[in-house]
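Numbering (our numbering), first residue to last: 5 to 193.
No lab work stands behind these hints, which were simulated from the structure alone.
Each hint should be verified, as a subset may be incorrect.
[Claimed, not checked] Here are the simulated lysine-lysine pairs, DSS-like style, with alpha carbons at most 27 Å apart: (1) Lys60 x Lys117; (2) Lys87 x Lys187; (3) Lys116 x Lys149; (4) Lys60 x Lys116.
Predicted, not measured: the structure shown is a model, and the values here were computed from it.
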Amino acid sequence: MRYLKPVRLLILFMLMFNLPSIAQFNKQAAENLIKRVIPKKADHFEVQYIPKENNKDIFEIESKHGKIILKGNNGISVASALKYYLYHFCHCSITWNGVNLNVPDPLPVVKKKIHHVSPYKYRYYLNYCTFNYTMAWWDWAQWQKQIDWMALNGINMPLAVTGETAIWEKVYEKLGFSRDELKNFFSGP
């Protein structure tokens, strides 16, 4: 009985350090992305989890039982696998300037398993200028398209300034500025 508490603490400690790597993999979210990108072909893909390799993001692509298997350690890795397959096997592209998704029928078979480990821990995207051009007025459809594009391109650290102005307002108020002095200082809707 006296060892029960330390054992419980040890199990809890082990779970805490294993949860983040498991929690990042959301199979349903990855499947939903595939349905948004290639709705007519989504049923031909299967999503599976594989662990990181040397603490790096990883994806694999292979063909099995008439399906394209996309494996990754998280949703971004699975999305990157989809983009890789579409580009290298289907000769399709998804860019800011346009989309070419003339996906062949039947889907090309992956004869030799593709195994890709990202050399980078962080893949950053955006800057203050691009964020402030028109993004403040985007609707959900535009954001969803952009978020999907980021995932397909392996972005795991986009600039997120939404709500930043509210923080700056509080900081400046604590420094003694009044609401009237600040109301014309910040731009945006």
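Results of checking the hints against the structure:
{"no.": "1", "hint": "Lys60 x Lys117", "verdict": "holds, 19 Å"}
{"no.": "2", "hint": "Lys87 x Lys187", "verdict": "violated, 44 Å"}
{"no.": "3", "hint": "Lys116 x Lys149", "verdict": "violated, 31 Å"}
{"no.": "4", "hint": "Lys60 x Lys116", "verdict": "holds, 22 Å"}
Of the numbered hints given earlier, the model fails hints 2, 3; all others are met.
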